[in-house]
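Dock chain L against the given chain A, drawing on the hints supplied.
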Amino acid sequence: MILRPLSFALISCLASLFAGAAEPPGEWIDRDTGHRVVRLSREAESASLYFHQNPYTAEGDKMIFAAPGGLSTIDLKTREIKLIVPGFKYSVRGSGGLEVGHKTRQVYYEKDGAVWVTHLDTLVTRQLAKLPPDTSISAFNADETLAVGIIYEGPKPTGTVGWPAPGQIIRGPQGQELPFAEQREVLLYERVQKKIPMALFTVDLRDGKISKFHRSTEWLGHVQFSPTDPQLVMFCHEGPWHMVDRLWTVRTDGTALTKLHARTMNMEIAGHEWFSGDGKTVWYDLQTPRGEDFWVAGHELATGKRVQYHLERNHWSVHFNTSRDGSLFAGDGGDNEMVAHAPDGKWLYLFRPERVPDVAGIKNPNSGNLINAGVFKAERLVNLSAHNYQLEPNIHFTPDNKWLVFRSNLHGAMHIYAVELAKAQ
Amino acid sequence: MRRIPALLAFLSLAVSHGLAVDVPPGRSVSTPPPSDWIDPATGHRVIRLSPDTGGSSLYFHQHAYTPEGDKLVIRGAGGIAAVDISGLGKTPPKFEMILPNAAPIATAWRTREAYYVDRQRGAMMAVHLDTKATREVVKLPPQARNGAYALNADESLLVGIAPDPDGKTTPRLPPSGKLEAPRPGSLEPQWAAGTPKMIYTLNVKTGEFKVLHRENDWTNHLQASPTDPQQILFCHEGPWHYNDRTWTIRADGGPPRLLHERTMNMEIEGHEFFSQDGKMVWYDLQTPMSGVFWLAGVDLTTGHRTWYNLQRDEWSVHFNVSLDGKLFSGDGGGPTSVAARTMDRQNIQGQGQWMYLFRPVMTAGSSFRDKKDLIDVGYLKSERLVDMSKHDYSKTTGVEPNGTFTPDGKWLVFSGNFHSPRDAGGKALTHTYAVELALPAAKK
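Protein chains in written order, with numbering that gives the first Met the number 0: chain A, 0 to 424; chain L, 0 to 443.
There may be inaccurate statements among the hints.
Said to hold, decoys possible - Calculated cross-link-like contacts (lysine-lysine; reagent style DSBU-like; alpha-carbon spacing at most 35 Å):
no.: 1; chain 1: A; residue 1: 304; chain 2: L; residue 2: 371
no.: 2; chain 1: L; residue 1: 389; chain 2: A; residue 2: 376
no.: 3; chain 1: L; residue 1: 371; chain 2: A; residue 2: 194
no.: 4; chain 1: A; residue 1: 129; chain 2: A; residue 2: 102
no.: 5; chain 1: L; residue 1: 380; chain 2: A; residue 2: 376
no.: 6; chain 1: L; residue 1: 177; chain 2: A; residue 2: 304
no.: 7; chain 1: A; residue 1: 376; chain 2: L; residue 2: 177
no.: 8; chain 1: L; residue 1: 325; chain 2: L; residue 2: 93
no.: 9; chain 1: L; residue 1: 371; chain 2: A; residue 2: 155
no.: 10; chain 1: A; residue 1: 258; chain 2: A; residue 2: 129
no.: 11; chain 1: L; residue 1: 371; chain 2: A; residue 2: 193
no.: 12; chain 1: L; residue 1: 394; chain 2: A; residue 2: 376
Hints in this document: simulated from the structure, not taken from any laboratory.
With the rest of the complex left out, here is chain A (with noise of 0.2 Å):
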């Protein structure tokens, strides 16, 4: 991919003579870390897809991104943007729905109770297969055969579930009105000891079967499917983190439910996992205890290898990301009220894996089966001290490895931003 700078700050500097002041900025060098930043979304209220959801072709030319008029594409080489799907709503406390095909140049997505293809180029729209009620679709597998969802089979929660109603207030044991993040924390298990039965079900792209896999009565979601085993999907036990086992996998006929992480600390949380590009991986965020110290855990899924990377509270970030050849993470930085409460935390971050050695060259006997520990040299990219982490960044490295993508209200409205990973001359 390459990005014309230059061609699109003139383009976002005429589009700004006409759109007023309030116009962001197309490009420019953030001052305190040499990156160049520049605009990909025109319009305000354009938002990427959150970290782990496909957003590019399997050639890495093109990008889904959702638009206030709908589902659009723009093309990396010429930033050319145009609009796909009109209508498509997309939610950016979302966490799927929508995914590009990883070997055709198509979309999937679901829109008004079904499931819908359309192909990137041709616009060419198909619907694939109606859906039951209290259904919502999460993901779409490898070889672009199945979509994964989640049913209810009780009564569907309404409302926001986790998120306190208007007015309300949740207090705590004395009596007195707790703090936002606990009311939350409050509601999150309220809802995971109500035990509503759910189930995954996969719908087959080809016929529109449905087909459940795995009942449960735990809080399901963060579906997604390997981005190389067709059969293989990750799925969590949502609620708060410290409490829940949260990171599974089971397969699409329902065997080898396999949970990657048990936690040996009180307080020990996981979470916000996704697959490595290869699909060999699934990586995490750990923090052994909550809020002191902070990792990316990955867990070899054939092997059950692990390997864990260890981060500076203020490098701590809400997603963290991989590179589609494992070289490199990145992380979405946090603001001082999130979980690490990091002084200084408001950055997006390009992390680069150093594994600790041996002392001497000399393994321990049983290194085999020990944790393979590491740390994340961290570079920092941009300076979010001006977004507000009510909205999350969600980081997309590029499929060639030289710009990572993310959402962002620096200036005010949402747009779609790319900052290169190499320094600016």
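Chain L in isolation, oriented as in the chain A frame:
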């Protein structure tokens, strides 16, 4: 490395003593080092317990106080010395040589005595700290003449580690498959030697000698529980990152028990010690080495674990615990300590030259949803007690401070050389100090 500006140090000494004794290294001095001052960096009062000729406190896990808590045993002028600390802070500490040419093993748990070995006589001895009278505790059989000793809680058994005369040397190679080139300070050669060792008990009344355990490891760091007469703690010495280090064994039978199992490459633990009620064993834990720091504890009865997180600067070469178990201490680390580099071996500025008081704080919240036993976690909230920036932590030219709480829980006793001149070889005289835990202003 953190240094107080010389002028500040000079002023503080001048203010508290009316004299200037901030002696530059290498110059001898006739003026005695300060004996009582307020540390300008921490505000805590420090009192020197050793005489002008020096004296060092015992290793951190050696019992050093009388049962009444009025006297402290130190090493002074090549002998066993006692310091009367009953009026500490009000009257000057009284130093008394108890027995020249003897090395204290520990004070007795129940009597006003200190134990030592008389090599010529081949016996474990005790000296009374008031009357200076000596007595033979038990004759040492030939196979128990060398090694480490501890007296158990009811003082019925002498526990020892010694070369096993019936064993065979079984050399071994480190996991890399070859020995590294010899270098000073390396623990590997002695680890690799594989000489036979035994842990034994010697009944002090009957003289019955009983071997509890034989091994070809580097058996070391012997301790007896302060409360359970049968409970013994020991370690496998050597490179911490491939050793399973901390073990217990019971005098009344059973195999050794490993107290901590590594889960991570380069995870290290050591410098273990008993809580004063004998229920817990505490140890320095790093997950991994030089990366993440804990003071970890395991309840010997239930196996339940408690880990307290520490900041890098707060890591200490030795930790300790107060009699009531509510307070912990640390003696900091030298500028080239394990905490003065990152986990990927970058040397960083070695902070952390302080004597610390630690108050444990538990992590808020509970994950105990499914009744599975989890590690209880928290962190140690630290308070700096003494500026050790001029202290030499080296084991060859200086001394590790080795803090111990006084039995009344009001002072921390430690060794220091921050006011000592260095000799031609750079060696510093060791002194014993006590720092008051309460700040002067906070006292009523």
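Structure-based check of all given hints:
1. Between residue 304/A and residue 371/L the alpha-carbon distance is near 23 Å, which keeps this suggested pair within the 35 Å criterion.
2. Between the alpha carbons of residue 389/L and residue 376/A the distance comes to roughly 33 Å, so the proposed pair stays at or under 35 Å and holds.
3. Annotation: proposed proximity of residue 371/L to residue 194/A holds, straight-line Cα distance about 20 Å (limit 35 Å).
4. With a C-alpha separation of about 23 Å, the suggested pairing of residue 129/A with residue 102/A holds against the 35 Å cut-off.
5. The straight-line distance between the Cα atoms of residue 380/L and residue 376/A is roughly 28 Å, inside the 35 Å bound, and the hint therefore holds.
6. Using a Cα cut-off of 35 Å, the hinted pair residue 177/L and residue 304/A holds, with the two alpha carbons roughly 26 Å apart.
7. Restraint check: the Cα-Cα separation between residue 376/A and residue 177/L comes to about 32 Å, which is no more than 35 Å; the hinted pair holds.
8. Pair hint residue 325/L plus residue 93/L holds up; C-alpha atoms about 29 Å apart against a cutoff of 35 Å.
9. Note on residue 371/L and residue 155/A: the hinted pairing holds, with a Cα-Cα distance of about 31 Å set against a maximum of 35 Å.
10. Pair hint residue 258/A plus residue 129/A holds up; C-alpha atoms about 32 Å apart against a cutoff of 35 Å.
11. With a C-alpha separation of about 22 Å, the suggested pair residue 371/L and residue 193/A falls inside the 35 Å cut-off, and the hint holds.
12. The hinted pair formed by residue 394/L and residue 376/A meets the criterion: a straight-line CA distance of about 34 Å does not exceed 35 Å.
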